[in-house]
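Its first residue numbered 1, the sequence shown is counted upward by one per residue in this note's numbering.
Keep in mind that the hints are not guaranteed to be accurate.
[Claimed, not checked] List of simulated lysine-lysine pairs, DSS-like, C-alpha gap at most 27 angstroms:
1) Lys228 with Lys195
2) Lys228 with Lys240
3) Lys549 with Lys526
4) Lys417 with Lys478
[Said to hold, decoys possible] Okay, the calculated beta carbon distance ranges per label pair:
5) Asp29 with Leu485: 48 to 54 angstroms
6) Tyr188 with Val129: 57 to 63 angstroms
7) Asn204 with Leu80: 25 to 31 angstroms
No lab work stands behind these hints: they were computed from the structure.
As the structure is a prediction and not an experimental result, all values here were calculated from the model.
Glycine is no exception: its CB is placed at the ideal position from the N, C-alpha and C atoms.
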Amino acid sequence: MKASALPPINKISLRRYRPLRKYALLYWDIKIAMLACSLLTGFGGMLGPYITKLTFDYAYTNRDWQLLVALTVFGFFMMLFNQVGSNVQQYLQLYASQNLTFIMRADFLRHLYSLPLSFFSARSTGEHVYRLNSDVPGTSNFLGGIVSTLISPFISVIYPLIGIIWLDWRFALVAVVATPLFVAHSRYFGHRQRKLAHLSAAENQRVDSEVVDRLAQIKLVKAFGREKREVRAYLSNQIKLIRLAYRSFWLNLWSGVSSSVMNSLGQGALGLYLGYRVVVVGDMSFGTLIALSMYMMQLLGAARGLAGLYQGVLNQLVPVDRMLDILEQERTIQEPQDAIVPGPLQGALALRDISFGYGDDKPVLQNINLEIAPGTFIAIVGPSGVGKTTILNLLLRLYDPDQGEVFIDGIPLRKLKLSSFREQVGIVLQETLLFNGTIRTNILYGNPEATEAEIRAAASLADAEEFISNLPNGYDTKIGEDGCLLSVGQRQRIGIARALVRHPRILLLDEATASLSSTSEAAILKALQQGEASYTLVVITHRLTAIHKADQIFVLHEGTIAERGTHEELLMQKGVYRILWDRQFGIDEEIADTQV
Numbered sequence: 001m002k003a004s005a006l007p008p009i010n011k012i013s014l015r016r017y018r019p020l021r022k023y024a025l026l027y028w029d030i031k032i033a034m035l036a037c038s039l040l041t042g043f044g045g046m047l048g049p050y051i052t053k054l055t056f057d058y059a060y061t062n063r064d065w066q067l068l069v070a071l072t073v074f075g076f077f078m079m080l081f082n083q084v085g086s087n088v089q090q091y092l093q094l095y096a097s098q099n100l101t102f103i104m105r106a107d108f109l110r111h112l113y114s115l116p117l118s119f120f121s122a123r124s125t126g127e128h129v130y131r132l133n134s135d136v137p138g139t140s141n142f143l144g145g146i147v148s149t150l151i152s153p154f155i156s157v158i159y160p161l162i163g164i165i166w167l168d169w170r171f172a173l174v175a176v177v178a179t180p181l182f183v184a185h186s187r188y189f190g191h192r193q194r195k196l197a198h199l200s201a202a203e204n205q206r207v208d209s210e211v212v213d214r215l216a217q218i219k220l221v222k223a224f225g226r227e228k229r230e231v232r233a234y235l236s237n238q239i240k241l242i243r244l245a246y247r248s249f250w251l252n253l254w255s256g257v258s259s260s261v262m263n264s265l266g267q268g269a270l271g272l273y274l275g276y277r278v279v280v281v282g283d284m285s286f287g288t289l290i291a292l293s294m295y296m297m298q299l300l301g302a303a304r305g306l307a308g309l310y311q312g313v314l315n316q317l318v319p320v321d322r323m324l325d326i327l328e329q330e331r332t333i334q335e336p337q338d339a340i341v342p343g344p345l346q347g348a349l350a351l352r353d354i355s356f357g358y359g360d361d362k363p364v365l366q367n368i369n370l371e372i373a374p375g376t377f378i379a380i381v382g383p384s385g386v387g388k389t390t391i392l393n394l395l396l397r398l399y400d401p402d403q404g405e406v407f408i409d410g411i412p413l414r415k416l417k418l419s420s421f422r423e424q425v426g427i428v429l430q431e432t433l434l435f436n437g438t439i440r441t442n443i444l445y446g447n448p449e450a451t452e453a454e455i456r457a458a459a460s461l462a463d464a465e466e467f468i469s470n471l472p473n474g475y476d477t478k479i480g481e482d483g484c485l486l487s488v489g490q491r492q493r494i495g496i497a498r499a500l501v502r503h504p505r506i507l508l509l510d511e512a513t514a515s516l517s518s519t520s521e522a523a524i525l526k527a528l529q530q531g532e533a534s535y536t537l538v539v540i541t542h543r544l545t546a547i548h549k550a551d552q553i554f555v556l557h558e559g560t561i562a563e564r565g566t567h568e569e570l571l572m573q574k575g576v577y578r579i580l581w582d583r584q585f586g587i588d589e590e591i592a593d594t595q596v
């Protein structure tokens, strides 16, 4: 939400916050206890000025020592009671807020993980981290402390007002008339401070995202000699944040100064009025004057808090709005309520009349039809950008096709329980993604229950056992962020081992061996075909020598399947595949370049 277009707090905009009701109602017993503490401490605060009145009007005037001692002791215990009640309320608020933070972070993260890949491709990782670590706790603190935030300010106004009415109802009318002035003052400054709070939060998120992004790509930064440039960019962003901080400071300063002026004028006018009643008219005791003055000080302080309530709520709604921005994102990949939990898959795959495009752009795939028999070795080839990886994305149901249907063992993929289906699929992405940890933990990510024997068997099939064994700590070697301490080829081998340790029924390789030598690639693919496990193997590769023994090869060209067949059959057709083959081996390059 842009800070320049913030909605007012009214019945229409409040509808947005309805999803938070379930969180606001959690720990209702704790919140009732907080309310009780607030009521009791407020009552104790109301008794203080009245005890002072009794002290001046009776204990001092009548020189009653016993009454003075009794009132002093009572006042002491009342102050102690108020302090204990306040501390208990603060503890209860902390308890509710921390537990809400835990619950809301879990729900937020579950929702975040359920969103489609298209959502993540449009946003940075740093943005999600900032919302999780800053906006979610901000929202839970607001909901956990809703008694202190929304109810306590009213209690703080009501109690001194009762005391004033009790002592002098005419004086209470003056106090009530003055209160709307503070409310109007707060509304004026509150909207402006909310806009600044939104700007600051958005700018902080952007700066954090940039830093996370640059540090994640530190190798690229150093390779291009951009260290000084990145430092300058960071400092430039910090200057923008400092300027926003100054704007917020000056706005708060003027708000505070104007509020103090209003308070001073009000206190001065009320002081003159009370003095006139005591000195000139003589219808008010000195004790009543002091008690009314104390009540008035309480009321003015409470009025400032009440006036600042609107402003405070607006500021606390900033993280709430930002969290709702994520929670309102729709899960485009939905499971039916009666989703089928698949048993062991046979591995039959089918794409029928599939068309798909990313957003409103030109479709990447058009009218794709292919059938893959269980346990076969299938290759998908074609020039860059024709939709090969998109087919794997559809097979994993990372996206749903715009038209057509994907079938697994004859069942529409949309009807399967996704988690159960994906547990039986192994995939090695074009860019091997590894976590900052050991080789063992990265392989185990594919199957946390895998035994040592299974880990080593998967590594052996991936041709990784030899290089891992030569490392000082073997499988317990730390590989750094994104596996930066390993070569690209070594990372790809670990990625393959991670997929194999799942014992998949379907194995998808997306340029998984592109950084290996042709000899290593051929050896790995041969091992995968001859292994004891039975799975459907789907390989995307530009290196055609690696897939010449595939049971069937699908050739994609301009978003459609241009050809299909075995290696020998496709060469005989002298079509797109033959052109790609000839280009790869330097044959008829000129013809190939003009036709593909």
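Do the hints match the structure? See the list:
1. Lys228 with Lys195: Violated. Lys228 to Lys195 sits at ~33 angstroms, over the 27 angstroms cutoff.
2. Lys228 with Lys240: With a Cα-Cα distance of about 19 angstroms, the restraint between Lys228 and Lys240 holds, given a limit of 27 angstroms.
3. Lys549 with Lys526: Holds. Lys549 to Lys526 sits at ~9 angstroms (cutoff 27 angstroms).
4. Lys417 with Lys478: violated (35 angstroms)
5. Asp29 with Leu485: 48 to 54 angstroms: Holds: the Cβ-Cβ distance is about 52 angstroms, inside 48 to 54 angstroms.
6. Tyr188 with Val129: 57 to 63 angstroms: violated (36 angstroms)
7. Asn204 with Leu80: 25 to 31 angstroms: violated (42 angstroms)
Hints 1, 4, 6 and 7 from the earlier list are contradicted by this structure; the remaining hints agree with it.
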